[in-house]
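Enquirer: Take a look at the letters that make up each chain.
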Amino acid sequence: MLHDLIIYQKIYDFLFWLKPTVQRFAKAHKYSLGIQLEDEVIALLKLIIRANFARDDKKERIDECFVIHETIIVLIRLSKDYKLISIKQYEFASEQLIEIGRLLGGWRRKFS
Amino acid sequence: MAQKVQLGAFGFASYIKRSKRDKIESAFKRGGNWNNTSNAGVFTLNLNNAPSHVNTNIGFRCARFSGHYKLEFLSATAIEREQINPRFYSFSIHILKEKILSLYPKKVRVANLILLDWVLKPNLTESNLRNFFLGSLGFSIMKTNNNLFEKICSFENLHLAFRKAVRGKRFRKEMLEFKYNLEENLLCLRDELLTRKYQPGGYREFTVNDSKKRQIKAAPFRDRVVHHAVCNIIEPIFDQGFIFDSYACRKEKGTHKAVRRLEQFLQSANAWIRERERERERERERGNRAACIACNAIFPNTLPALTIRFCIILLPKKLVTRAVYG
Numbered sequence: 001m002l003h004d005l006i007i008y009q010k011i012y013d014f015l016f017w018l019k020p021t022v023q024r025f026a027k028a029h030k031y032s033l034g035i036q037l038e039d040e041v042i043a044l045l046k047l048i049i050r051a052n053f054a055r056d057d058k059k060e061r062i063d064e065c066f067v068i069h070e071t072i073i074v075l076i077r078l079s080k081d082y083k084l085i086s087i088k089q090y091e092f093a094s095e096q097l098i099e100i101g102r103l104l105g106g107w108r109r110k111f112s
Numbered sequence: 113m114a115q116k117v118q119l120g121a122f123g124f125a126s127y128i129k130r131s132k133r134d135k136i137e138s139a140f141k142r143g144g145n146w147n148n149t150s151n152a153g154v155f156t157l158n159l160n161n162a163p164s165h166v167n168t169n170i171g172f173r174c175a176r177f178s179g180h181y182k183l184e185f186l187s188a189t190a191i192e193r194e195q196i197n198p199r200f201y202s203f204s205i206h207i208l209k210e211k212i213l214s215l216y217p218k219k220v221r222v223a224n225l226i227l228l229d230w231v232l233k234p235n236l237t238e239s240n241l242r243n244f245f246l247g248s249l250g251f252s253i254m255k256t257n258n259n260l261f262e263k264i265c266s267f268e269n270l271h272l273a274f275r276k277a278v279r280g281k282r283f284r285k286e287m288l289e290f291k292y293n294l295e296e297n298l299l300c301l302r303d304e305l306l307t308r309k310y311q312p313g314g315y316r317e318f319t320v321n322d323s324k325k326r327q328i329k330a331a332p333f334r335d336r337v338v339h340h341a342v343c344n345i346i347e348p349i350f351d352q353g354f355i356f357d358s359y360a361c362r363k364e365k366g367t368h369k370a371v372r373r374l375e376q377f378l379q380s381a382n383a384w385i386r387e388r389e390r391e392r393e394r395e396r397e398r399g400n401r402a403a404c405i406a407c408n409a410i411f412p413n414t415l416p417a418l419t420i421r422f423c424i425i426l427l428p429k430k431l432v433t434r435a436v437y438g
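Residue numbers (this note's numbering), protein chains in the order written: chain A, 1 to 112; chain B, 113 to 438.
Think of the hints as simulated: they come from the structure by calculation, not from any bench. Don't take every hint at face value.
What the hints assert, rightly or not - Examples of chain B residues lying across from chain A (beta carbon under 10 Å, computed): (1) Leu272; (2) Glu296; (3) Leu299.
The beta carbon of each residue, even a glycine, is placed where N, CA and C say it ideally should be.
Given the sequences, and given the hints that come with them, work out the whole structure.
Expert: Take a look at the structure:
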């Protein structure tokens, strides 16, 4: 139980940081890339909650999380390449995301 | 007995010192090919071949033309008088030699020209010499630099290093793999460097048959990122310390600029010859024809000034953080 609560909190914190950052995106990307990014993070949060409730298919649920997680990393990289976020912000975001990835991996290992 | 000394993994310097009895005369050769592994790169200094040595990986030999030393030319007889081995006056870069011969086929009997004015200068002081040595090695400005290691390890610098390392080969397998987990790899590198746990990986060896067989040792990609990261920080510091006429492996320099610079020198040499010959005609002297002597850099009896200890003493001042060169 502890594992997923930490992940939940981490993703929440990331979302909390992401929202104002996206608000500062250039207009051309704010409502496409920015919204997509937010949506993906919220989707990840949803999947975590769903995986929490799941009984038999927990493993599959967690596997789905990985896909979303990778997508978020790519979107962050993309916004870095478009210079929507600074390298410092990029560093922070990747630190958070990789931490989340590690926790997910640990959680996944429990059920395999 | 020849003694070869190499410093550091980034090719700071290498030289050969013969026995003390030997009259040591050597030319500075700057720049090593990237495939020379520890001898490669920006700061390589080759002193282990005769000045006549010809190789494509040599960027340029150091020469000096500065405000407070007037460029001096010597006739061939003067050199005989000084009893200096004429072998060392032969041109070592064949490109430059061809250039001279094509430009001045008749006027310059000995295709030689002195770029280094103080070679045979009697009033050469030790401090002048020292400055030149330091200058050609990039050490002439001694300023301590702090927190270099932290700068090298910063994520920003590593990211820049990655972009430099990947330039031109984005679709190779190694790069694609690295890029797939870009953030993780960079952060991992940063943490390893900061905790001093970083170990360079093994080199990949293979031979290439272009014109001749060469063995190439390629560093793994993540090591190359680290090389670039170190270079990013160190290069500007060393670049300040170089003398102007050092053309190897430096930004805004290179062989073409070196040749152009040489041309400039040659033109003034040519003017000098003409003036000399006119003078002689006037005096109705029928001695030797005026000739110009070319050389790259001759340091008779001066190499002992540059010892390995000397270099090691210099390095810590330049790069305060021990970890950088340690």
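Enquirer: Against each hint, give a clear statement of whether it holds in the structure.
Expert: Evaluation of the provided hints:
1. Leu272: holds (8 Å)
2. Glu296: Holds, about 5 Å.
3. Leu299: holds (6 Å)
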